Amino acid sequence: MDVIFSLIPGMTILGLFFFAVLIWAVKKGQYEDMEGNASRILLDDDDDKMM
Amino acid sequence: MPQSGKLITGDCFHCGLPVPSEANYHTQLDAAERHFCCLGCQAVCVAIFESGLQGYYQRTPEGVLLAPPPPPPKDIEIYDIDEVQQEFITSSGDVRDIHLLVEGIHCAACVWLIERGLQRVTGVEAVNVNLTSKRVHLRWDSKRVKLSDLIREFTRIGYSAVPYDPENAEGVLNNINRKMLYRLFFAGFAMMNLIWISIALYSGADKGEFREFFHWMGWILSTPTLLYAGYPFYRGALGGLRAGRLTMDLPIAIGLSVTYLYSTYITVTANKIGEVYFDTVTNLIFVILVGRYLEGMFRHQAVSATNRLMELQPRVATVMQEGKEIITLIRGVQLGDHVLIKPGCKVPVDGIVLEGVSAVDESMLSGESAPVTKAVGAQVSAGTVNTNGALLVKVGSTFQNSTLAKIIRLVEEAQTSKAPIQRLADTIVPWFVLVTLICASLTFFIWNTHNFQIALMAATSVLIITCPCALGMATPMSIAVASGLGAKHGILIKNGLVLETLSKVTHFVFDKTGTLTEGKMSVAYFHADSKIDSKDIIRSAGAVERYSEHSVAKAITAEASARQLNFLDVDVQDFQATAGLGVSARVDGKNILLGSAEWLARNSITLKTTLQSQVNQLESQSMTCVHCAIGGDHVAVFALADKLRGDAQKLVDELRKAGISMTLLSGDRKPVAEAIARQLGGMEVIAEVLPQDKDQVIQHLQQQGAIVAMVGDGINDAPALIRADVGIALGSGTDVSVESADIVLMHNELDKVRLATLLSQRTLRTVKQNIGLSFVYNAIMVPLAMMAKVNPLVAAITMPISSLVVIGNAALIRNLFKNEKR
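Just so you know, the protein sequences line up as chains Z and F, in that order. Residue numbers for the first sequence follow the working numbering, beginning at -4 and rising by one. Residue numbers for the second sequence follow the working numbering, beginning at 15 and rising by one.
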């Protein structure tokens, strides 16, 4: 069970890393338009098939 | 593929609204006859098909109602001036970046249409639509295409775009909200990790070899959370204490500190008996931050939505220098300069007319619906609209001293002198805090005589148990849910706190022009006395008046097209307009005159007594009468009035039933205001009020003990909107009034005032319930804690439950409008 002495701090550091990634994403404006980008990918160049 | 219900007869192919019976707009598109509700929808739809972008209609999601295209922005040429552009663009050089606020974006299909449509224009390098904030980021080559042409392209496909500076408008708010979000993320991260550690501790690890390790892990995670994410509470508590008030932040800060310090003490001394409460610390921070963030986010959304309604203020003026027209920025205009104001433009400065005659629409300032004729020597005010003739004006005061600027200053004054709204929770909180602190101290001193360890633990658990989560989240959660629901129904709540006030309002004050009425002239009655068919009279009149920009003329043209008379084919010759009197022209070889009685008299036409008696009667109802003469013969009379909004009567009836007193406030002449009030019934009338006196009327009512809500739309209403306990502005109103109001009605439906009142009553009830719930919880748990009977497991389970109950109860507000049409 001694492994948890390294696992728990390890997970915390990993968590902090993802927290940093999240801050970076917010700063880059990734969350500014949730609806638009979600739909944009569905509305791309497939005119022929839609007609 | 099905056309999402757009083919059902009776609905406009473009916007899906019902086609009015008298409308006659149809086009052959894609081998099918399409019907439209208005010329705007038709033009936009044809433009979309011409560009080969008809895929737009397939992409529109089911159930999304489009709206007819918004009116195009005016004076867009000024954005081609480099100095004006400089205020908006983020990069100089030939390739420029700009943010545009776009009105009319509804759904993802609009994103597709705008990006596709604009990318076709040569010179456009990048288009990016933000659907959430209804903004477009545009990069274009100013050498190859003009900005005004790009804005025109927006208009062509049915949107209205104006440049705007994102930093200026909402930069600060954005920044604050973002910092809050980071704190929230961090608290959430720490909380989730600590929950696992707590579970381990509760399930037996606190007895074994890992006890200290888990305690230290808890300390490592909660220390930065407390210092970073919990900082706003300490700042709030200290700020409150300094101002001599007990705020909600104080028990939160004390609770957090005591819990944290006690747990740290257990950790550091490696005590074998006590428990650590690091999970409680982070939980508390996280849950309360969620409430605060929601509160901020909804306010933020409302603000960016009102930005959409921003209207153009005059930015440039055409200054005449040595016979040449020079376009100058408004701050560069000097006193005594001669400024040329073209028809259809806004008056950029206050001044005195030197040359020209024109009708000026002063409704923004005075509320008066009919344009005022300005001749040489008359005073014109900045912000008013010059309708039909060119005017040369000598600048009488700089922009800072104009009437418009004075009203804006009045708004600022009212803003600073208005008493802040007292939240229901805020009135209770100081007492709650006091009682909590007394209970905790009592617990400590009584147990201290017995055992210090138990005393400390019991006192701490009193502070933790009185968990201010429920109380702290009672108001913000309810308001957040209510604001979201309101926004869905076209009610933008800018200041959530007024939701508590609105349900207590005892007196509604309505502005007349543009609020209860539509704010524009329309033909109310038509009387003819002639051998000529009335249809032909209206047809000829409409044909002639379409050459005039006057609001009276527009009303008559609108009447002719509403009656489906094909007046566009009528040949009109020798059209001449005389400002303030009327127009003359030749139609089918006959002289036709339209205008005042004096206009006919000047052209030596005798008025018919039969028509004149009608006129006297109509004018006593304060309608404006336009006489028509054909071939030297007085044939007909048009009576014009400002029509009531369709839902005004319903709203007034509802409010009267609810026992709310109402006042009609108008800058217009008394008979006109009284006619409207009579029509609606049961309203007090205060007419001929100057803009600067409107807020005094409100103040007077407030001094008599009334809680006042003001509904208005014009700049002249802005000070009153702020002064009132609740200010409600119509979305079509001017930007100043929209900025001044607490609630903005997006679709100009007065019925929404009723919905807002319902929403407010429901919100207040939920807030009260939530406060009640948190008291019940405390009444059960505090005595237990004081008896030192609360073990950490019980505390850990009951605390989140109290918060969840409050959140769940607030979420129930969403069901309120289930039966209302959106």
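Check before you lean on any hint, since a few could be wrong.
[To be verified] Straight-line Cα separation of at most 25 Å, DSS-like style, residue types lysine-lysine; simulated pairs: (1) K23(Z) - K193(F); (2) K286(F) - K22(Z); (3) K286(F) - K221(F); (4) K664(F) - K549(F).
[Said to hold, decoys possible] Pair by pair, the computed Cβ-Cβ distance ranges are: (5) E336(F) - I36(Z): 37 to 43 Å; (6) K549(F) - I36(Z): 38 to 44 Å; (7) E30(Z) - F63(F): 40 to 46 Å; (8) V(-2)(Z) - L255(F): 28 to 34 Å; (9) K157(F) - I36(Z): 47 to 53 Å; (10) F466(F) - V(-2)(Z): 47 to 53 Å; (11) R670(F) - G24(Z): 48 to 54 Å; (12) S65(F) - G24(Z): 28 to 34 Å; (13) Q775(F) - G24(Z): 37 to 43 Å; (14) K671(F) - I36(Z): 48 to 54 Å; (15) I36(Z) - Y242(F): 34 to 40 Å; (16) I36(Z) - P34(F): 35 to 41 Å.
Calculated from the structure, these hints are not laboratory results. Note that the structure is a prediction, hence the values are computed from the model and not measured. Note that the Cβ used here is the ideal one computed from N, Cα and C, for glycine as well.
Each hint tested on the structure:
1. For a cut-off of 25 Å, the pair hint linking K23(Z) to K193(F) stands: about 14 Å separates their Cα positions.
2. Among the hinted pairs, K286(F) with K22(Z) is inconsistent with the structure: their alpha-carbon atoms are about 45 Å apart, more than 25 Å.
3. Pair hint K286(F) plus K221(F) holds up; C-alpha atoms about 8 Å apart against a cutoff of 25 Å.
4. Of the supplied pair hints, the one linking K664(F) and K549(F) is violated, its CA atoms being roughly 34 Å apart against a limit of 25 Å.
5. Between E336(F) and I36(Z), the C-beta spacing of about 59 Å breaks the proposed range 37 to 43 Å.
6. Here the CB-CB span from K549(F) to I36(Z) is close to 55 Å, at odds with the stated 38 to 44 Å.
7. At roughly 26 Å, the beta carbons of E30(Z) and F63(F) sit outside the given window of 40 to 46 Å.
8. Between V(-2)(Z) and L255(F) the CB atoms are about 48 Å apart, so this pair departs from the stated range of 28 to 34 Å.
9. For K157(F) and I36(Z), the Cβ-Cβ distance of about 33 Å falls outside the hinted range of 47 to 53 Å, so the restraint is violated.
10. Under the hint 47 to 53 Å, the C-beta atoms of F466(F) and V(-2)(Z), about 39 Å apart, miss the expected range.
11. The hinted window of 48 to 54 Å between R670(F) and G24(Z) holds, with their beta carbons roughly 50 Å apart.
12. A C-beta distance of roughly 30 Å is found between S65(F) and G24(Z), which places it inside the suggested range of 28 to 34 Å.
13. Our hint of 37 to 43 Å for Q775(F) and G24(Z) holds, since their Cβ atoms are close to 39 Å apart.
14. Range check, K671(F) to I36(Z): Cβ separation about 51 Å, and the 48 to 54 Å hint holds.
15. Taking the beta carbon of each, I36(Z) and Y242(F) are about 36 Å apart, inside 34 to 40 Å as hinted.
16. Between I36(Z) and P34(F) the C-beta distance comes to about 39 Å, which sits within the given range of 35 to 41 Å.
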